[in-house]
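Chains as they are written, first to last, in our numbering: chain E, 1 to 504; chain F, 1001 to 1329; chain C, 2001 to 2167.
No lab work stands behind these hints, which were simulated from the structure alone. Take these hints with a grain of salt, some might be off.
Partial selection, computed: residues in chain C whose CB lies under 7 Å from chain F [what the hints assert, rightly or not]:
| id | residue |
| --- | --- |
| 1 | 2074 |
| 2 | 2149 |
| 3 | 2150 |
| 4 | 2163 |
| 5 | 2167 |
Idealized CB from N, CA, C, for every residue including glycine.
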Amino acid sequence: MLEILGLLGNGFLVVFEPLNLALIIGGCALGLFIGAMPGLGSVNGVAILLPLTFLVPPTGAIIFLAAIYYGAMYGGAISSIMLGIPGASTAVATTFDGRPLAKQGLADKALTGAAVASFVGGSISVVLFTFFAPPLAHIALVFGAPEEFALMMLAFATFVGLGGDDIFKTVFSIAIGLVLSAVGFDIISGEPRLVLWDITGFLHGVNFLVLAIGIYGIGEMLWTVEENALAGGKSMLSEATVTIARTMSNLRELVGIWKTMLMGSILGYFVGILPAAGATPGSLMAYGIAKQISKDPDKFGQGAIEGVCAPEAANNAASTGSMLPMLTLGIPGSPTTAILLGGMVIWGLEPGPRLFTDHSEFVWGLIASLYAANLFAVIINIAFIPVFIQILKTPFTILAPIIFILCLIGGYAPTQSMHDVWLMISFGIVGYLMRKLDYPLAPAVLAIVLGPLAEPAMRQSLIISDGSFMIFFERTYAGPIMITALLLLFLPLFKIGYDRIRKK
Amino acid sequence: MLKTQHALTKMACTIGAGAILATMPLIGQAAWEPQKPVEFVVMAGKGGGADKAVRLIQSIIASEKMAPVPFTPVNKPGGSGAEALVHLNGKKGDNHTLMFTLNSFYTTPLRQPKLGIDITTFTPVARMAEDTFLLWVHSDRKDINNMADFAKAAKAKGKKWIMAGTGKNSEDNLLTDFLNTAYDLNMKYVPYKGGGKVAKELAGKNADSTVNNPSEQLGFYEAGTTKALASFTDKRLPLFPDAPTFKELGKDYVYYMQRTVVGAPGMSKEAAEYYQGLFKKVFNSKKWQGYRTKKSLQGDLLQGDALMSYWKKERDIHEVMLRNMGAIK
Amino acid sequence: MTVRTAELLMALMMGVFSIYLMVKSNELPIGWIEDEGPGGGAWPFWLSTVMLISCVGILFNWARKHGPIASSTRIYIQSHVLGDVAAVAAALIVTVGLFSIVGIYGSLPLFLIFYLRFMGKHSWRLTATLTILIPVVIFYFFEITLKIILPKGLTEPLFIPLYKIFF
Chain E
1 MLEILGLLGN GFLVVFEPLN LALIIGGCAL GLFIGAMPGL GSVNGVAILL PLTFLVPPTG
61 AIIFLAAIYY GAMYGGAISS IMLGIPGAST AVATTFDGRP LAKQGLADKA LTGAAVASFV
121 GGSISVVLFT FFAPPLAHIA LVFGAPEEFA LMMLAFATFV GLGGDDIFKT VFSIAIGLVL
181 SAVGFDIISG EPRLVLWDIT GFLHGVNFLV LAIGIYGIGE MLWTVEENAL AGGKSMLSEA
241 TVTIARTMSN LRELVGIWKT MLMGSILGYF VGILPAAGAT PGSLMAYGIA KQISKDPDKF
301 GQGAIEGVCA PEAANNAAST GSMLPMLTLG IPGSPTTAIL LGGMVIWGLE PGPRLFTDHS
361 EFVWGLIASL YAANLFAVII NIAFIPVFIQ ILKTPFTILA PIIFILCLIG GYAPTQSMHD
421 VWLMISFGIV GYLMRKLDYP LAPAVLAIVL GPLAEPAMRQ SLIISDGSFM IFFERTYAGP
481 IMITALLLLF LPLFKIGYDR IRKK
Chain F
1001 MLKTQHALTK MACTIGAGAI LATMPLIGQA AWEPQKPVEF VVMAGKGGGA DKAVRLIQSI
1061 IASEKMAPVP FTPVNKPGGS GAEALVHLNG KKGDNHTLMF TLNSFYTTPL RQPKLGIDIT
1121 TFTPVARMAE DTFLLWVHSD RKDINNMADF AKAAKAKGKK WIMAGTGKNS EDNLLTDFLN
1181 TAYDLNMKYV PYKGGGKVAK ELAGKNADST VNNPSEQLGF YEAGTTKALA SFTDKRLPLF
1241 PDAPTFKELG KDYVYYMQRT VVGAPGMSKE AAEYYQGLFK KVFNSKKWQG YRTKKSLQGD
1301 LLQGDALMSY WKKERDIHEV MLRNMGAIK
Chain C
2001 MTVRTAELLM ALMMGVFSIY LMVKSNELPI GWIEDEGPGG GAWPFWLSTV MLISCVGILF
2061 NWARKHGPIA SSTRIYIQSH VLGDVAAVAA ALIVTVGLFS IVGIYGSLPL FLIFYLRFMG
2121 KHSWRLTATL TILIPVVIFY FFEITLKIIL PKGLTEPLFI PLYKIFF
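All chains, please: the whole structure from these sequences, using the hints.
Structure representation (structure tokens):
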């Protein structure tokens, strides 16, 4: 314990070198803006700015990238709340309640809540990281395909009931998301799959971002164009204002939901540690659980501040968590850490079990920088809230073309493929038409994120077990997770049955 | 009306001619150089082995100012590289598109003839390295210390012996098939996404063995979690002196993964020469050489016609291998 | 067109799409492979089947006029709104279509002029300012800072001097 504190102290000495401090602040600010762009999340931010880091020593470089990572995680919430467009899959759950809050003129409340929750999630997880790295690394290591599938089932189970009133349309939405997630390439059989109309662009699959920006960006904007036309050109994205008094009362309200944030942080951290899971399932599960434990679950989806804080705490905690397998095992827990890993290799650092002993200064400098980055990111974020609110007050007909343009570029940038831009516009128009018929679309977006994680894990497990489903129940970690998932899945059914019996 | 049209045509011609003149290297002027950012296509996803190498090359070119423009990596992992190949094939005569390839450069066109890719039309730039493969097991398997032990243990477990690898019909699958035939085994091949994941499955004992590249297992190997039994190379690797080659063990089998830079088909001669010179500089740079040593990479620099004949040879070898395993007819 | 008619058309269209997906999934084995579990086409095939069943369910509800949408006789998209939405959608399609011809810096200004001047009825001054300013900001942020090269089409040669200055 004392030894850890000593090492951490040395880490802080590294962080407070002027160059490193400047890199943290610069990285947080840059990350915030990259994360706030629809389409550009932490993955792109880190990948794109990787070459910039070759100008500074390795410790400074990883500090800069970690700051960008953190900043982008904060920033992701901004476009989710202001525009309803999740910049990255990690911020999808934030739109569910963040956007309704913004529409009610409470954008400032949602933005403050997201920033504070991110800070709580980041802080709790970095403390957990400091003291419990090695034993948790072991869990990450033994977590195999059956456990991954069980975890995905748990993620699905936690957000049943997120759909609309029409059961057929909800099921349709989940199914189409899962089918689209299978487009492209099947690694298990090594064959191209579902290359729709034999267009080569489908070989790389349907990117989550293309669907999300299509539905939430283009589709939502067309919806607003319609509302605007109905309102005689007077509509605005949000009419929030910021005053000190409002901010104080927002903060007071946040204190009241500390339990939700704590739950989100711890859950996010543990899910983040598991390789391949990353921050997205963590934030979805946090949202689902926040809804289930809430006294007023019907408020969720209509603008519940808990619905913003739970996933935001979780996704920041998970981004710290996913650094653990990266540093200790050399396995990325998320696409972003995969790139950080590449960076470390370029700087001549070998991630793996010996990194903590061989490059102790680097590791503890990084951990200390996470504390610092978290603090600076929340300060920068809160400082910018009035600016964001001001932007929202711009007349819709000025903001709309800018948002459309950002969507188009956001669809193009990650893969640099025109195919994806066309696909995004198609999703936008079809999504708009479906939304007018009350098709719930959030389940499709979630399904396209979880599908590619769930399907291979299921099939790998079945290959290992010669096709026996018992593999999901027999193993130490998979068993309990799977049983919890099934209980959660069937809980609503039991409830319905119970209510019927009581009524009789 | 006619007059203005005429004037316009004339103007367009003048501008066009000017543009041609401006882009044409005049006699005595400097040689060809890229004029806009060079698109560097990666046949694999972000964070994989090929992607890491590309980002390293990008940083070497940028930090040592070897080129006047940036090289921007674009990942096109779709369809085992099919998408990347189609993309490059569609860039005929383009002087600003390069691609970093793996062995799917041979296997994907063979397995998907519908794509209409002929790799001999691509411009050979430079083979930067050949990655090696070794056979790995977990260090807790105290009973397995050489290939004979391995064969015995794997045979005893039959199809319950799990070999993790990177996708069906991939390089790892070819090697697994070889081992199954050569040692009369019945190991079960389980495909995972990416070599890093495969390495972790072994370290976490969710698999019994793997055929990872050294770079993927190095972290676990150095920590004493996994050990290498034998290597699929010509000579023993300096990093793993205790792992004999299969040649030594009496099985004449060698397999490498190429790491090669390829240019678009029909790239101009001047541009091809420029990139060959550039990648020679990258190859000889301290950083690249250091990376090669550290990751135990083999294979000398190959360029131009030598590289082309290497491709043809390797393609024929892969064709035979794929046919033997029934992946193509 | 009423909402009720739109509901029918959408369900039919999605039903047809589901069938297409089922057929396409069938290119890989959709059954159980001995010792291996489901084949490569099974996941999308059976989920497309679920899509199809859902569509049948939606049609069933439509037939018995169950639920607010299936029984609604409101107009699906009112005519004075349709103009705006269709114009924006068409403008987006044209803009993206022009990307590969005149490049992003040719087509985005056109889109901005269309939207600001003709949809938003803003002054020419504001329109001109934003039309020039936004592409410049995009160029700086994406191409110079982040080195994401955007499509240029025919305007490519015009950028060569700029590359010389900035890189």
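Now the hints, each set against the structure:
1. Violation of the interface hint for residue 2074/C is found here, the shortest Cβ-Cβ separation to chain F being roughly 43 Å, above the 7 Å cut-off.
2. Here the hint on residue 2149/C is kept, as its CB sits about 5 Å from the closest CB of chain F, short of 7 Å.
3. Checking residue 2150/C against chain F by beta carbon gives a least distance of about 11 Å; that is not within 7 Å, so the hint is violated.
4. Taking 7 Å as the C-beta contact cut-off toward chain F, the hint placing residue 2163/C at the interface holds, the least distance being around 5 Å.
5. The beta carbon of residue 2167/C comes within 5 Å of a beta carbon in chain F, closer than 7 Å, and the hint placing it at the interface holds.
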